[in-house]
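Participant: One-letter residues, chain by chain:
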Amino acid sequence: MASNGPKLLPAAQLDALFDALQRRGYAVVGPRLRDGAIVYDELKSMADLPIGWHDRQGPGRYRVEAGGDRALFGYTVGPQSWKKYLFPPHETLWRGQRGENGFAIEPPPPPPRRAFIGVRACELQAIAVQDRVFTGGAAVDSRYAARRKEIFTVAVNCGVAGATCFCVSMNSGPRASRGFDLALTELLDAQRHDLLVEAGSDAGAEVLAELDAPSAAQADHSQADALVAATAASMGRQLDTTEIRALLYGNAESPRWKAVAERCVSCGNCTSVCPTCFCSDVQDVTSLDGSTTERERTWASCFTQSFTHMAGGSARVSTSSRYRHWLTHKLAGWIDQFGTSGCVGCGRCITWCPPGIDLTEEIAALRADAEKP
Amino acid sequence: MTRPTLAVWKFASCDGCQLSLLDCEEELLAVAGAVDIAMFPEASSSMRPGPYTLSLVEGSISTPEHLEQIRTIRAQSRYLVTIGACATSGGIQALRNFADAGEYAAAVYARPDYLSTLATSTPIAEQVSVDFELRGCPINKAQLVEVINAFVNGRRPAVASHSVCTECKRSGTVCVMVAHGTPCLGPVTHAGCGALCPRHDRGCYGCYGPKETPTASLAAPLQKLGMQGDKLVRFYRSFNAWAPEFREESRAHETP
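Protein chains in written order, with this note's numbering: chain B, 1 to 373; chain F, 1001 to 1256.
Hints were generated in silico from the structure; no laboratory data involved. Note that the Cβ used here is the ideal one computed from N, Cα and C, for glycine as well. Errors might be hidden in some of the hints.
So, partial list: chain F residues that the calculated Cβ filter (under 7 Å) puts toward chain B [to be verified]:
no., residue
1, GLU1025
2, LEU1029
3, ALA1030
4, PRO1049
5, GLY1050
6, VAL1108
7, TYR1109
8, ARG1111
9, TYR1114
10, SER1116
11, ALA1158
12, HIS1162
13, VAL1174
14, THR1182
15, THR1213
16, PRO1221
So these bits of chain F aren't anywhere near chain B, every CB distance computed over 10 Å [as the list claims (entries may be wrong)]:
no., residue
17, ARG1071
18, GLY1226
19, VAL1233
Excised from the complex, chain B in its bound form (with noise of 0.2 Å):
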């Protein structure tokens, strides 16, 4: 067997690929069931995968449940995203040590291989986001970009749309078509319960040839199609992005910011669990006799005080104001600082709200105000 084509790799047999990984020294991140989600963390075999379990999401309520089933990946996307791996919520970015002549400065270790296995057409767009605003300008980010570097990306094309979903609004999914080292496709019927295994990079093909199993069938090719558009067709959210910066940058000073803000708490959910939010503080740790310091790179939030924090106090003091900034940075700002929106329409931020304010309403009434004559 060493063709390179999709192959149809029974569900059962999905250890093979953990073994391919593993064998070329990458760590295997994933699904798994944790307190009550699915997160991402090491697994070490299919073992570890959320097996048989489903979530129900809604605004501001994620639950999972057991669903009778054999299914690998028959969830959506969890509280997590693959930015805590290429973008971790804290990162020394280098230590000073005083010496007798100034100080020495140790850089930090280099990052882990690691292979991220269950990415979603969604996460894959949101990686991709990431990548354009880390390295894709002058200034690329050095630590992201050492770890990009280092990450195989195994898709999975989402047989289920959950309640808060919205990627064909974004066009960002449910099918993964980029960015993907190999891609699965999950055919679970009471007949069968295989794999459908393609390759999206020279990487990916390298493994793929390494399955022992048969090349798949156009019946399989068909099933995954019809399971994909069936999804497409079940999202429980669409957002409509026409003329989406006019919308918002003519409609700054709409009453709904104010409605909005009555309802949000400015916790800062949102920005954690979004794929794509960027910002971050950087602050040097010192021990208490100076001899030792530490650069500390932490995940930083547009919803607080000190974000807009200068001489003379914070610049957005008001809720209104800070959610106004995220969602109008975040669909239209985007566009033209970066040329692609910073919404992957993964739903995110509407299940994990604790007051469940969603972003797609929010712009459906924008939109609805301001085309009342």
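Since chain B is already given, all that's left is putting chain F on it; use the hints.
Facilitator: Here is chain F on its own, set in the frame of chain B:
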């Protein structure tokens, strides 16, 4: 150059916050190296008179004597930093501010006439000017070391005033409110504990008091989880009941 001097003071409190200093273990040696601990009755019977560079003040203003003592301490201290919920918001004992302290005393003590207390328990900052308030019930020892470090080195303490949610998300903790339906004060509570309770599958109790931005929007999601009326009042009335934002929020849900 002489080392800066440190003094640790106690008002109405449980001593837990000043114990955080002794609890610093290996950091304690660094603290003792950086400052001259001149007054710390809980740790040493050697007590030297002021003035002091930095005074750490634990506890709330609860008796007539406290009113005098805190002025004396302020006068002897270049910097005065309050530590803990009692000192920054009045503590759990500020529950009496919502009731008749005399009635409480009569219910608890055989001879309430031996007591001499004020009708209220209030934060230190209501009596004297305070250079920094470190929150928590109890305070986080790493933050305490950071505050000492900052004052010794003449910079602002790096103590974030955003929500506990930020700490949950940074630590990868699953949201107990969204995923489990557990009422949680994390979205309106000041960070600092490292999301201790949510990391152990509990809702946040608000030990660090209100965060920097408004509180009221949390009522709706809490009510959806069954926190109505009195339950909501009690939720906000614990260690930081008298902090203005929590005080107002609890009053807003009182049944008249």
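Participant: None of the hints should be skipped; say for each whether it holds.
Facilitator: Okay, the hints, checked on the actual structure:
1. GLU1025: Status violated, d = 14 Å.
2. LEU1029: violated (10 Å)
3. ALA1030: With a closest approach of 4 Å, the F:ALA1030 hint holds.
4. PRO1049: violated (25 Å)
5. GLY1050: violated (22 Å)
6. VAL1108: violated (37 Å)
7. TYR1109: violated (41 Å)
8. ARG1111: violated (47 Å)
9. TYR1114: violated (45 Å)
10. SER1116: At about 41 Å, which exceeds the 7 Å cut-off, the nearest Cβ of chain B leaves the hint on F:SER1116 violated.
11. ALA1158: This interface hint holds because 5 Å falls under the 7 Å limit.
12. HIS1162: holds (4 Å)
13. VAL1174: Given a least distance of 4 Å, the restraint on F:VAL1174 holds.
14. THR1182: violated (10 Å)
15. THR1213: holds (4 Å)
16. PRO1221: With Cβ-Cβ at 5 Å, under 7 Å, it holds.
17. ARG1071: The claim holds: F:ARG1071 sits with its nearest Cβ about 30 Å from chain B, beyond 10 Å.
18. GLY1226: Per Cβ check, F:GLY1226 is outside 10 Å of chain B; nearest 14 Å; holds.
19. VAL1233: holds (19 Å)
In terms of the numbered hints stated before, the structure departs from hints 1, 2, 4, 5, 6, 7, 8, 9, 10 and 14, listed from lowest to highest.
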